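*Asks:* Here are the chains, one letter per residue:
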Amino acid sequence: MEDPIHAIIRSAVTLDDDFAITDELRLQEIPNLDSLSQVRLMTEIDQRIEGGLSMDEILAIESVGQIRSLLASRGKLDAQP
Amino acid sequence: MRNPEAGTLVECLFQSASQNPDEIALHAGGQDLSYGGFRSRILAAVARLRAMGVRPGDRVLLSGPNTLPVPILYFAIHAAGAIAVPVAPDSPDAAVASLAADCEARLALLDRPLKASPCPVESASQVASPGAPSTGEEATTACRPDQIADILYTTGTTGAKKGVVLTHAAILAAARNMSEFIGTAPDDVELVPLPLSHSFGLGRLRSLALVGHSIILEPGVGSGAPLIKRLRDSRPTGLALVPAGFEILRQVTGNALGTARAHLRYVEIGSAPMRAETRQWLMEMLPETRVCHHYGLTEASRAAFTEYHADRHKPGTAGRAAPHVTISICNEALEAVPAGQPGEVVVNGAMILREYWKRPDLTSRNLCPLGLRTGDLGYLDADGYLFLLGRQNDVINVGGRKVIPDEVEEAIRQFAGVRDAACVGEADPLSGQRVKAFVAADGPIDLRSLTLFLRALVEEYKIPKALVAVDSIPRTSSGKVRRNLLREATDG
Chain A
1 MEDPIHAIIR SAVTLDDDFA ITDELRLQEI PNLDSLSQVR LMTEIDQRIE GGLSMDEILA
61 IESVGQIRSL LASRGKLDAQ P
Chain B
1 MRNPEAGTLV ECLFQSASQN PDEIALHAGG QDLSYGGFRS RILAAVARLR AMGVRPGDRV
61 LLSGPNTLPV PILYFAIHAA GAIAVPVAPD SPDAAVASLA ADCEARLALL DRPLKASPCP
121 VESASQVASP GAPSTGEEAT TACRPDQIAD ILYTTGTTGA KKGVVLTHAA ILAAARNMSE
181 FIGTAPDDVE LVPLPLSHSF GLGRLRSLAL VGHSIILEPG VGSGAPLIKR LRDSRPTGLA
241 LVPAGFEILR QVTGNALGTA RAHLRYVEIG SAPMRAETRQ WLMEMLPETR VCHHYGLTEA
301 SRAAFTEYHA DRHKPGTAGR AAPHVTISIC NEALEAVPAG QPGEVVVNGA MILREYWKRP
361 DLTSRNLCPL GLRTGDLGYL DADGYLFLLG RQNDVINVGG RKVIPDEVEE AIRQFAGVRD
421 AACVGEADPL SGQRVKAFVA ADGPIDLRSL TLFLRALVEE YKIPKALVAV DSIPRTSSGK
481 VRRNLLREAT DG
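Order-wise, the sequence lines are chains A and B.
Numbering of the first sequence is given in the working numbering, commencing with residue 1 and proceeding in unit increments.
Numbering of the second sequence is given in the working numbering, commencing with residue 1 and proceeding in unit increments.
Hints are supplied without guarantee of correctness; some may be wrong.
Pairs of lysine-lysine residues, derived as BS3-like cross-links and limited to a Cα-Cα distance of at most 30 Å, are as follows [unchecked claim]:
id, chain 1, residue 1, chain 2, residue 2
1, B, Lys115, B, Lys465
2, B, Lys314, B, Lys115
3, B, Lys465, B, Lys402
4, A, Lys76, B, Lys229
5, B, Lys314, B, Lys229
6, B, Lys115, A, Lys76
Here are some chain A residues pointing at chain B (derived, C-beta under 10 Å) [stated by the list, open to error]:
id, residue
7, His6
8, Ile21
9, Asp23
10, Arg26
11, Leu27
12, Glu29
13, Ile30
14, Ser63
It should be emphasised that the hints constitute simulated quantities derived from the structure, not laboratory data.
Here the structure is a predicted model, which is why all the values come from computation and not from measurement.
Glycine included, every Cβ here is placed at the ideal spot set by N, Cα and C.
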């Protein structure tokens with residue numbers, strides 16, 4: 001079963017099958033993640049969190065691991081992949 | 001405006017450097033560059049370009065992100081008497097190589113390898129780095145108003161890109177016209193998260209050279225939140241952004257833009273129309289800011305302007321002719337028609353192109369006695385306000401970037417199993433439009449596979465975001481795609 005964080009990212013931007021997503025991966029390192037894809041990504045995350053994302057939380061999301069931590073802290077995900 | 005008498009933007013820039021060497025011209029990539037430093041870096045780059053064999057009239061392709069090398073090299077190419085050919089940094093290798101071949105580039109300045117390049121490639125960062133300068137006198141005399149400054153490639157009606165040839169006089173005129181309308185002053189600090197390869201962002205850089213203010217270059221809008229943070233941290237007095245950028249800000253950050261009303265004196269918007277509700281929202285967020293939206297083309301930068309607050313009594317207008325510009329509406333015989341009557345929008349002024357690069361057929365077709373034929377349909381009301389009615393061709397506008405369906409269709413047809421394809425624009429709440437593809441194929445085609453295939457052929461924004469499988473593409477007896485039928489099916 002695919003990692004739910006990876007699924008969120010792949011729903012926002014089309015990636016090669018062999019592109020490895022790790023928690024250490026910074027968002028700016030994700031290929032073709034342009035502004036519109038970033039908005040899709042934030043919207044996907046936002047919809048999973050009751051009350052939505054604050055601007056500070058959006059700014060704090062710089063890596064895949066931080067997406068995971070954020071969702072886990074809101075009780076929406078296990079902290080570990 | 002500091003230097004109204006200079007004949008070229010490079011001269012303006014060098015005059016600013018002489019008068020105010022310590023004032024900050026650019027902030028990019030975490031670095032500040034003063035006007036004095038800007039001139040020094042430009043002159044050092046001129047020396048390197050000459051050592052590489054670049055001569056007056058040579059075409060030099062330039063591509064890179066919004067960091068210091070691109071503006072330095074843009075003006076260095078001019079100062080060397082050469083011609084700048086800006087290319088978007090996200091263009092695939094094949095597209096860049098094709099443009100380099102078309103303009104017979106002497107050199108390409110990039111910070112990435114370029115497959116199958118028809119010309120030598122040098123590192124933009126290295127050529128723009130600090131070093132021993134050329135002499136100032138030599139640098140400026142190589143650059144005259146009547147010489148070609150830029151070739152900007154833009155989409156053509158049949159998919160092939162066309163090179164828009166602009167002289168130094170034309171780009172200076174464009175900068176003067178826009179600055180006169182917007183009112184940018186030397187003490188302004190402007191935030192520019194736009195690509196410098198496109199007429200809109202490049203125009204802000206040219207405005208910098210003329211006015212002598214400061215620009216903060218940002219890599220882009222991102223998710224919206226980083227731009228809000230930059231607005232809060234830097235408190236700029238100006239902002240340049242496409243409508244899609246404001247849609248992103250509104251969706252992701254709500255009304256956070258409203259805090260910028262305390263410091264934003266002006267906003268320039270361009271490249272695409274603004275949705276009426278977003279226009280209204282922007283006016284509420286920035287009630288005291290001059291919100292200036294331009295209409296123009298690569299061939300005729302900033303031909304018309306509307307200021308949202310002043311023109312609130314003219315909803316839907318593209319504005320009035322910019323300072324020193326005339327707009328006519330013409331019939332098929334290219335005769336001007338009276339106010340209220342629709343026709344083709346024709347613009348004229350010192351800022352329009354000189355010609356299309358190696359395309360005398362296009363040049364003679366698009367330049368008429370009244371000026372440049374834009375291909376847009378519209379009318380002028382009795383007060384001289386322009387209202388646009390659509391394009392004469394099938395251009396799709398994705399967040400301010402133009403897509404010609406033919407180009408994407410040709411690329412799709414190269415995908416295994418595809419017999420035929422057609423593309424139309426589909427409404428998108430963020431980007432205005434997105435590309436929708438209709439594909440006739442021997443078997444099922446999934447959008448993901450097609451996306452990965454197309455990435456090597458076209459820029460990301462041109463890749464369809466919706467795909468419909470059809471048995472066949474509707475065509476006329478002469479073989480033209482009946483896009484109106486596809487659009488009707490799309491619009492419902």
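*Asks:* In ascending order, which of the hints set out earlier in this document are inconsistent with the structure?
*Replies:* 2, 5, 6, 7, 8, 9, 10, 12, 13, 14
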